[in-house]
Amino acid sequence: MNFRIIGALTLRYLFLYTRSWVRGVEVVFWPMMDLLVWGYLTRFLQQGGAANFATPITFLIGAMIFWDVLFRSQQAVAISFLEDIWTRNLLNVFAAPIRITEFLGATFVVGFIRVIVTVLILAVLASSMYSFNLLTFQLTLLPFFANLLIFGWALGMISTALITRWGQAAEGLAWAVPFLIQPVSAVFYPVSVLPYWLQKLAWVFPSTHVFEGMRDVLANKGVPWDRLVWSFGLNLIYLAIAGAFFYFMLTMAREKGLLTKLGTQ
Amino acid sequence: MSEAVIEVRELSKTFNGTVAVDRLSFDVRRGEILGLLGANGAGKTTAMHLVLGLIRPTSGTVRIFGKDLLKHRIEILQRTNFSSAYANLPTNLRVWQNLYVFSKIYGVNGHREKVDRLLQMFEISHLKKSVTGQLSSGEATRLNLCKALLNDPELLMLDEPTASLDPDIADKVRKLLRSIQREKGMTVLYTSHNMRDVEEVCDRIIFVAKGRKITEGTPREVTEKFQQKSLEDVFIRIARSGDLLAEGEKERE
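In order, the protein sequences belong to chains L and D.
Everything in the first sequence is counted per the numbering used here, starting at 1 for the first residue and increasing by one.
Everything in the second sequence is counted per the numbering used here, starting at 1 for the first residue and increasing by one.
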């Protein structure tokens with residue numbers, strides 16, 4: 001793996017943000033809107049009479065910020081690939097001495113940068129508007145963030161693989177894939193709320209362990225190490241499966257000539 | 001005879017039962033410009049994509065710089081570059097940003113000077129800070145060529161490089177490409193519909209139809225073989241004949 005190439009490709013994606021302020025705004029606009037909606041909803045519920053709503057409001061805003069880590073990370077991988085399709089640059093990229101690992105590595109770095117920027121902005125806003133201070137949890141939330149970032153990369157690879165195989169017709173998947181797992185990831189409610197059979201399915205996703213663990217941390221119950229170990233272990237499996245799936249689809253795209261079609265359509 | 005930079009042997013590609021390239025074999029020798037010619041859908045662009053490794057062959061082999069393409073693709077692409085009328089550089093970046101990114105990808109030393117020199121050569125220095133999407137198609141084509149020459153490639157693949165250029169710029173670009181190629185001893189695989197391009201630029205040509213080689217030789221040899229006044233007449237005669245392959249077989253006899 002050549003880090004110079006990963007740096008160059010990362011720069012290519014970052015240049016897009018210097019070129020257009022609209023893109024910069026897009027990074028913070030949707031998360032901000034989510035924060036406003038969820039923040040005011042929880043405030044309304046709080047005013048509605050729940051005696052002790054301090055913990056639920058923390059859960060909801062925390063969950064919203066955490067969900068954005070997963071979503072932005074997945075988006076960065078899928079959208080970076082789509083950018084090359086939209087601008088008909090795909091042939092130039094695949095005719096250059098770029099390994100698949102370098103290409104994916106660059107999209108992971110872009111995802112990481114996007115997540116950092118989004119979380120920082122959301123943390124500041126949540127603190128000033130809803131007195132939700134992420135810093136009070138110090139570093140205990142970091143491993144959970146990292147796990148969501150990694151799971152987002154895996155989902156991003158799966159989305160990209162599907163786009164590689166089915167072209168721009170599958171573009172909607174770039175946006176939809178994370179939402180397919182959102183209901184069973186127990187983002188805004190505990191796993192115990194789900195029907196029994198769905199609970200079994202929910203634990204298959206690293207995100208479920210992260211959101212359950214996050215609620216423990218936010219409720220000051222300490223760090224649930226078992227949740228962290230499970231999410232990390234599952235992430236390794238998902239990364240391997242997503243990587244193999246992407247490689248398989250890319251090979252198939254090369255065999256069927258889909259890569260050149262995607263690059264010139 | 002100089003060594004072969006590209007060795008294509010019995011290369012075939014079938015898409016869902018449709019034969020795009022059919023047992024194609026040819027060599028491109030070091031320092032030579034080989035033109036792949038043919039009508040739309042003849043298989044020349046598919047053949048170039050196979051040689052670039054963008055498409056996997058159904059059968060046959062491609063060796064470049066003496067190495068198997070499938071096994072040494074990255075190593076080969078480091079010494080190669082490519083420009084196509086059908087592939088753009090990212091339209092949402094500035095000209096200098098695109099060239100900067102690709103010079104980093106190819107590991108070009110002294111990239112600033114290199115970029116300035118290439119932009120000047122192709123007479124688009126004044127567009128260095130322009131957004132790529134705002135360039136005319138002729139300017140964008142010249143920018144693609146700048147990118148293709150960034151790493152001083154030993155092997156250059158050009159897919160219809162003058163397709164959207166006006167006659168004046170096309171003439172300048174042809175002369176420039178020829179002069180750079182001679183100066184650097186570059187090997188070039190070239191596809192074009194423009195027979196004037198081919199006559200002026202290519203040392204040798206291969207006519208392809210239905211994915212198969214019809215004939216090969218220098219532009220003059222091919223014109224004489226078909227007893228036509230120009231390569232364009234040969235092209236038209238082959239394209240309009242009912243059975244292109246039969247024409248090729250007859251010519252081969």
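Mixed in with the good hints there might be a few duds.
Unchecked claim - Heads up, simulated DSS-like pairs for lysine-lysine below, C-alpha to C-alpha not over 25 angstroms straight-line:
1) L:Lys261 with D:Lys172
2) L:Lys256 with D:Lys71
3) D:Lys128 with L:Lys256
4) D:Lys210 with L:Lys261
5) D:Lys128 with D:Lys172
6) D:Lys210 with L:Lys256
Read the hints as simulated data drawn from the structure, not as lab findings.
Hint-by-hint comparison with the structure:
1. L:Lys261 with D:Lys172: At roughly 31 angstroms apart (the allowed maximum being 25 angstroms), lysine 172 (chain D) and lysine 261 (chain L) break the hint.
2. L:Lys256 with D:Lys71: With a Cα-Cα distance of about 19 angstroms, the restraint between lysine 256 (chain L) and lysine 71 (chain D) holds, given a limit of 25 angstroms.
3. D:Lys128 with L:Lys256: violated, 38 angstroms
4. D:Lys210 with L:Lys261: This hinted pair holds, its Cα atoms lying about 19 angstroms apart.
5. D:Lys128 with D:Lys172: holds, 20 angstroms
6. D:Lys210 with L:Lys256: Distance of about 18 angstroms is within 25 angstroms: holds.
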